[in-house]
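*Asks:* From first to last, the protein sequence lines are chains A and B. Residue numbers are given in the working numbering: position 55 of the first sequence equals residue 51, and the series is strictly consecutive. Residue numbers are given in the working numbering: position 216 of the second sequence equals residue 212, and the series is strictly consecutive.
Hints are supplied without guarantee of correctness; some may be wrong.
Since the list gives no way to pick out one identical chain from another, each pair is judged satisfied if it fits inside one copy or across any two copies.
Said to hold, decoys possible - Listed below are the simulated SDA-like cross-link pairs for lysine to any residue, each with C-alpha atoms no more than 20 Å apart in a straight line:
id, residue 1, residue 2
1, LYS53, SER114
2, LYS53, GLU210
3, LYS205, SER115
4, LYS53, LEU161
5, LYS53, GLN13
6, LYS205, LEU45
7, LYS53, ILE121
8, LYS53, SER26
9, LYS53, GLU29
10, LYS53, GLU77
11, LYS205, ARG83
12, LYS53, ALA36
13, LYS205, ALA222
Treat the hints as calculated values from the structure; they're not laboratory data.
There are 2 protein chains.
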Amino acid sequence: MTTGVRRRLGVEERRQQLIGVALELFSRRSPDEVSIDEIASAAGISRPLVYHYFPGKLSLYEAALQRASDDLASRFREPHEGPLGARLLRVMRRYFDFVDDHGPGFSALMRGGPAVGSSTTNALIDSVRQAAYEQILAHLGVEEPPARLELVIRSWISLAESTALIWLDGRRIPRAELETQLVHDFAALAAVSAAHDEEMTAILRRALKDEPGEGPFGDLAARLIALAS
Amino acid sequence: MTTGVRRRLGVEERRQQLIGVALELFSRRSPDEVSIDEIASAAGISRPLVYHYFPGKLSLYEAALQRASDDLASRFREPHEGPLGARLLRVMRRYFDFVDDHGPGFSALMRGGPAVGSSTTNALIDSVRQAAYEQILAHLGVEEPPARLELVIRSWISLAESTALIWLDGRRIPRAELETQLVHDFAALAAVSAAHDEEMTAILRRALKDEPGEGPFGDLAARLIALAS
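So here's chain A without its partners, still in its complex pose (with noise of 0.2 Å):
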């Protein structure tokens, strides 16, 4: 019994270990370029005991993905304190992190890597989105969002990935300055669809109430009215 059991979590540890190796190296470089030779030889074990564990390159791609997308979506929580801004930054630095680990990885996936047209990896990138756009409405503390307060959430999150994405061709812009930028984009489009939408204004007004002057929103509404002038 031990043993069989021993045994069993053998195995499910191999597949984990192997799981971190291919992430690894599928974050360095493009997923293209990584070969289940490299992989075996990273795990220090040989090719036919790769495909003992994992029946092709895809399948092993696909585990580093779900793997790499439990951890993005696990840095989108933040604690419902503080103003809204705030914590918006702190995700956003946090996502940068994650960007800045798995670039080369990131950048094929997105970009129609190796396994886009999978359904599994159409899934799991589907499945982060919705787990982003499910905590802004949470932190926002709307239950049943109108069509354009979805609009607003769901057209940020893509422009938070290719901003992401154009960051890590070439990092030419500190991202700091892209954390916080995003920050204030969410708050000018929100802004942008108050001004077509009664319903959209009573939502950012109540979003903005705890925001301090100093916050993204002041800040960038101070900015804007000395553009204008």
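Based on these hints, arrange chain B on the given structure of chain A.
*Replies:* Same frame as chain A, now just chain B:
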């Protein structure tokens, strides 16, 4: 000689007809769901004859996508006259006309359709994005864009894509509102960037100098001031 020339023209005409028929079908339903049999039937020819002109569904899909890409890119062209906000609004109307006409095919393509991961498909999508980017730079009169301007334009293009995709999913917001909103979004994202960077401030000031007070940017600033107060 004449017959030879005619025959070559006939082949090209038949190809163009098939591309048109396929594009129509791929636009109305997800390309996954469109069969070669259906395309043959809609074109009034036999299935083997379709394969005579196109080796498989992917090559026909790519040819249809090429035509759609050329069509979309042509809609970005706009005379360099009058205020920038009004120019962008006209382009947004033509963009939503396109999205409206090709809804299911556009969604399938952008959400990871049948040919995603095909290098031809990815190259076509990138070429349309690049055309949009170059048009905006030309209208701004900027030849060597700083990294922050490139980021604003490219990330706004991805915002426009996701806004169109979200709109297609239920059409819960009037498209005219979204066309105006995307112009406002561009101004807002540029303003956020300008709030972080002096070079962007100079570019934005130059872009706005001919904007009427009641244009998108003035309107947005006034509404933000009202919201912030």
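*Asks:* Next, verify each hint and record whether it holds.
*Replies:* Status of each hint after checking the structure:
Taking the shortest Cα distances, LYS53 and SER114 sit within 20 Å of each other both inside one copy (13 Å) and across copies (19 Å). Within a single copy, LYS53 and GLU210 get their C-alpha atoms no closer than 50 Å, and across copies no closer than 57 Å, so neither meets the 20 Å cut-off. For the homomeric pair LYS205 and SER115, neither the shortest alpha-carbon distance inside one copy (42 Å) nor that between copies (49 Å) is at most 20 Å. Taking identical chains as interchangeable, the C-alpha atoms of LYS53 and LEU161 are never at most 20 Å apart, the minima being 24 Å within one chain and 32 Å between chains.
In the homo-oligomer, the alpha carbons of LYS53 and GLN13 lie at most 20 Å apart inside one protomer (15 Å), although the nearest pairing across protomers, at 41 Å, exceeds that limit. Taking the closest pair of Cα atoms, LYS205 and LEU45 never come within 20 Å of each other, the shortest separation being 59 Å inside a single copy and 67 Å across copies. Proximity of LYS53 to ILE121 under the C-alpha cut-off of 20 Å is restricted to the intra-copy arrangement: shortest distance 19 Å within a copy versus 27 Å between copies. Proximity of LYS53 and SER26 under a CA criterion of 20 Å is satisfied intra-copy only: 13 Å inside one chain copy versus 29 Å between copies.
Proximity of LYS53 to GLU29 under the C-alpha cut-off of 20 Å is restricted to the intra-copy arrangement: shortest distance 12 Å within a copy versus 29 Å between copies. For a Cα distance limit of 20 Å, the shortest separation of LYS53 from GLU77 qualifies neither inside one copy, at 43 Å, nor across copies, at 54 Å. For the homomeric pair LYS205 and ARG83, the shortest alpha-carbon distance inside one copy (15 Å) is at most 20 Å, but the shortest distance between copies (36 Å) is not. In this assembly of identical chains, LYS53 and ALA36 lie within 20 Å of each other by CA distance solely inside one copy; the values are 11 Å within and 38 Å between copies.
Taking the shortest Cα distances, LYS205 and ALA222 sit within 20 Å of each other only across copies (14 Å), while inside one copy they are farther apart (23 Å).
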